[in-house]
Every structure is written in structure tokens, then in C-alpha cells.
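Visitor: In case you want the letters, here they are:
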Amino acid sequence: MNWLSTIIRPRIRSIVNEQKDVPDNLWSKCPKCDGMLFHKELKASKNVCYHCNFHMTITVKQRLELLFDDAKYEKIALPKVPHDPLKFKHRKKYVDQLKDAQSKTGEREALVIGKGTIGGQNTVVAAFNFAFIGGSMGTAVGEGIVRAAQEAVQTKSALIVIPASGGARMQEGMLSLMQMPRTIIAADMVKEQGLPYIVLLTNPTTGGVSASFAMVGDIHIAEPGATVGFAGRRVIEETVRETLPDDFQTAEYLLDHGMVDMVVERTKLHHEIAKLLCLLMSPTTDTKKLKGSGYGDQSKDAKGKNSTSTPKTKGTKASVRKASDLAKEPANKSADTQKNAPKSAKTSQ
Amino acid sequence: MSQLEFEKQIIEVEGKITELKNMSSESSANMADELQRMEKKVHKLLTQTYSKLTPAQKVQVARHQNRPHFLDYVNVLFDDFTLLAGDRNFANDEALLGGIGRFQGQSCVIIGQERGHDTESRLKHNFGMARPEGYRKAQRLMKMAEQFNLPIITLVDTAGAYPGLGAEERGQSEAIAKSIETCLNVSVPIISIIIGEGGSGGAIAIATADRIYMLEHSIYSVISPEGCASILWRSRDFADEAATALKITAQDIEKLGLIDGIIAEPVGGAHRAKAETIQNVADQIAKALKQLTPWDADKLKAARRQKFLSFGQAA
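Chains as they are written, first to last, in my numbering: chain Z, 1 to 349; chain L, 1 to 315.
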């Protein structure tokens, strides 16, 4: 550049060095409002800017911990599928791209499945990892969603899928397009059993992902500001030469246009989802009495009066909410509550 | 008339043949010989060219404006064909058409995209790019087919669902997703033919079927080669490379096991012989219908679900 940037600026920097000494990772900047964010506070706010409420990305691990009761869940391994069915190569080989993504993220593919309870209700969560090739959906992700649905059906759990994806994995060509019907079948398998299928739309959810399993949920929840739409903004601008509104394809825009049930701030997600799952899965038990781990007022739980509607044991037989079964197990803490909820057995038939 | 670059030589000879035929009043034996010789040459050239079309060339053939389109098929294949309009919610989409008609004696519901054949009709049909209303009309008609126990035939020919402001506003994603879901769950047979371009979500929305066939020179792709090139190669100039890499030809997709068969096109492609192409499609529909009739709704749905679950299944 010029002498200003090469000589003067470093000197000034060396003079005010003390300020620079703060380690980089202590502070970060909000990409939207440029506000400075202290890492501890940012962690507490779940990566939501506490100046402007901008929802930044969080890792899949953080996401799952945020949703499950007591941040506890069991990871379910993704089934192995043949990778690179097309022997795809662009500027680099798809197999190498996959390896890079795997070493970058430490995950095998763009989907992580976990199971546990939310509001005491058995739940399987399949969360996309945008850091893995844009969270794109190929055969492995499709298979993962099918696997998650099967797990939900087997363990009578709710299924929550959390897309964060640019769309189909084009490196897998038509096989990736075929994951659209395939993941819809997965969603239908859960819905047919009378189990809740909830979609939590996060930034971004577009293309073949938004036009498949993401839009057939019983309930659609979106995170504030998340981009959700079919075609990309640029493509639309180029095609139709229309001026697009600023909030085009945001979660709030979708709410206005009737495509999502609610926009929920990240810090309130666990509470909202827990409440919904209790309403749907324990329809005759007063939600206020369903004070399970992580939902509602924990202090009352300590008295043992109103424990969770479902046993805390994950994925075991005991998790089948059948009043008659539970009555035979007096040792089970939740038996009281269960007796009041005979209709919740619907899903266990 | 649009000309394909790789057909230049062929079109030249074809032009000469037409010229000669026009002069036929003064025809002599000599001229007839010449005509025959040239026709043979054209046939040979066409056979050679069309037996080894590159994926990029197939893209051009699949999009050729003289290929038979939805209405061409419908008017020939179905007796008493009656267009049915509207999604009962917002509007009538002109890109995605549907109706009822009789195919070789059997009443059917027919759904498909119409691209139009000249500027006026292309504008009317929005170049075959449907808005959410189109996919909602498709759902309505599929449910009607179920109600009256009629098989569904879909003819797929679209660059993709329309990317527009209104389309997004009215939930293009939801309309496509629900259309796929409806295809998966109807209790009647559903047969799909990719007659030209099978463009991504806009195509699969009506192509999630018990039997899927592709015309010999049609294409079916998760993204247009141009779109793929601009993302992965960072330039649309690499569309030809993308067309090859994406494996979008009927032949490639058959190898991947994603379709049930390829319908032959006459030498030189469907745009040279509409009637013959339409007949070939009719024969395939008849065969497929025969295979699927009579049907047991539960078994049919279970088999359809199994078919789509198997695409990309873990070993």
C-alpha cells in the first residue's frame, strides 16, 4: 500500500499496544450491529447478540444441548451410505471436498441425530450442520433423516428436524433430488403414528430442503431473522427484476405470509418446544403439572409432587406412556401423573 | 426457428432437400436420385449425431422449442380431454395444466407443465415455470383422481418452479413439498414421463410416481447445468462441464436406477417427428397402466414408498 499503512499504522499500533493485548477470542463483533460482544455473555445468550438480538450461528452441539432437557442427549450414529455415487468432480473432487468437510467439522456428514427428552417428552432431534458443505442434503443426510424418523417411531418419540441448509447436495446429482420425496416419507412415518413432527427453521433453509421435509411439519417454528425460502434472493432478482422487500424470505416474513406457526427467540426455544410437546403428547395432563427436567419451575419438582409426564429413562421400554403399564410399576416416579393421562397412551398403540 | 449448433450441417442438407422438392414439378429421374441420395445422407448424419450426443447437446435437444409439449400430447392421446382450472385458493396457474380425459378407453387425470410454442404462448404459460398455485392445482387434481379412482399421468417439462416474489410470498416451497407428499400418498397409480426438461423441485413435485420414464433425449437434474456451473465453477461458462458431471441424461439416470425405462425418440430427436414420439409415449403409458391395473391401494402406496425410500439407502 502506501507509507501510511506500512509505516505509520504499525507504529501507532505499537504505541497503543496495551489495548491490542486483549486476546482475540475474548471479544467478538456482532455481524449485524457491529456491537462488541464479550464471549462469556455471548455464551450465556446462546450466540444471540445482546445489543440487537441478531441470531448468530451456533454449533450443532450447542444446538442440541440447548434443546434437550439438562443438555443431555444420546447421539445416534448416521447410517453409512455409498458416498460420491456420481464420481463428481468440479474444481476439486467431491470425495476430497467431503474429506475436508469431515476434518473441518469432526462429523461424518451434514446431519447430527440425538435423542433424549424435551419437557420430559421423548424426542429425537436431527440437526443440520451448515458448516458441512453448506448443510446440503445428499444421500447420507436423507438416510439420516429416515433413521431419525425410524428411531422416533420405535421409541414413540417426537421428531424435530432442524434444517440449516442451502438445499440439495448437487455433487450427488439426481440422487440428492430423490432425497426430497424420501425425507417426506420419513416425516409421514412419524406423523402417521400420531407423534409430533416439528420443524425448527434456522438460517438458512432454502431450495430442495425447504421444499421437502421442512414444509410438511405439524408445527413450523423459525428462529428470528432466519432466511427461509425456495429460490435464492439473487436468482429471483435476476429473473424477475423486481425490487425485493428488505425482510424478504425472513422468518418474520414467513410468519406474515402464513408459512410458519411462530418465530421464537433462541433462548426461549426449549421452553416453547417443551410446552408444545407436552400439549401434544400428554393431552389430558395439565401442562403446569408436567414440570419435568428443564421445563417449568424446577423448585417444585424437588418436592416430588409433580414429576415429569414421562420417565427420565431414555429410549427404554419404560418410556412408552401407557397408563396401564405404568400403574404396574409403582416404583416409577411418574406413575401418578400418568394415571391422569390415559389418552396419552394413544401413541403407544 | 431455433437451430442447434451441432445440427448445422444436417439442417443445410435438409434445406437443400426442401428446395429440390419444391422444384419437383420439373423433376427428372436424375433429380429423384439426387433427392434419395441426400435423404440417405441426412439420415446417416442424424443417426451418427444423435447416437452420441454429449450431455450438453442433450440439454439443447431437451429444451428445443419444436419438441412436442404437454398440449401436443394431450390433444393426441386423450379423448374428451377437459382442462380443469384453478387451485380454489388464489389463482389459476397457466404453466402447470391438468384435466381429465380418456386414454385408450380409461379415464385418467393428466397433469403437466406446458412451455408454449411461440412468444405469445410462452408468455401465457410462463415458459412452463409454475407458481405455487400450479402445484396446489396439481394436489387438487390428484385428490380428485383418488376420489374417482382414476390413474394419474404426469408429463414433466419445466426448467423449474418459478423463482419470483409472489411465488415466494405464497409459499413455493410448501406447495412443492405438499405436492410431493400428495404424489406419495394417493391411492391410485401415478405414471410420470419426463418429456423434455425435468428441472429440480419443480419437476419432482409431480414426478414422484409408481413408474417414471424419460424420453431418450430428455434431461432430469437437481439443478440446471448453468446454475451448477455458476456455483461450483463460479462461472456459467462451465455449463457443459456441469451437464456432464451432474449425470442428467436419461441414460445416466437409468444407470443410477432412478427411472423405470427410456422411451425411444425417432432418429433426429422428438422435434423432427412429433407424431411418432407421441405414439412411443402412448405405448409406454399403455404398458405401464397394464402393469399397474388392477391395483390394491395399500399395496400400491407401500410399493411407491419403498421405491423412494430405496434411493440412496445404506447398504
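For the record, the hints were derived by calculation from the structure and aren't laboratory data. Keep in mind that the hints are not guaranteed to be accurate.
What the hints assert, rightly or not - Distance condition first, Cα-Cα at most 27 Å in a straight line; then the derived DSS-like pairs of lysine-lysine: (1) Z:Lys93 / L:Lys255; (2) Z:Lys80 / L:Lys255; (3) L:Lys8 / L:Lys44; (4) Z:Lys87 / L:Lys307; (5) Z:Lys87 / L:Lys44; (6) L:Lys8 / Z:Lys89.
Visitor: It remains to establish, for every hint, whether it holds in the given structure.
Guide: Hints and how they fare:
no. : hint               : verdict
1   : Z:Lys93 / L:Lys255 : holds, 21 Å
2   : Z:Lys80 / L:Lys255 : holds, 22 Å
3   : L:Lys8 / L:Lys44   : holds, 14 Å
4   : Z:Lys87 / L:Lys307 : holds, 23 Å
5   : Z:Lys87 / L:Lys44  : violated, 34 Å
6   : L:Lys8 / Z:Lys89   : violated, 31 Å
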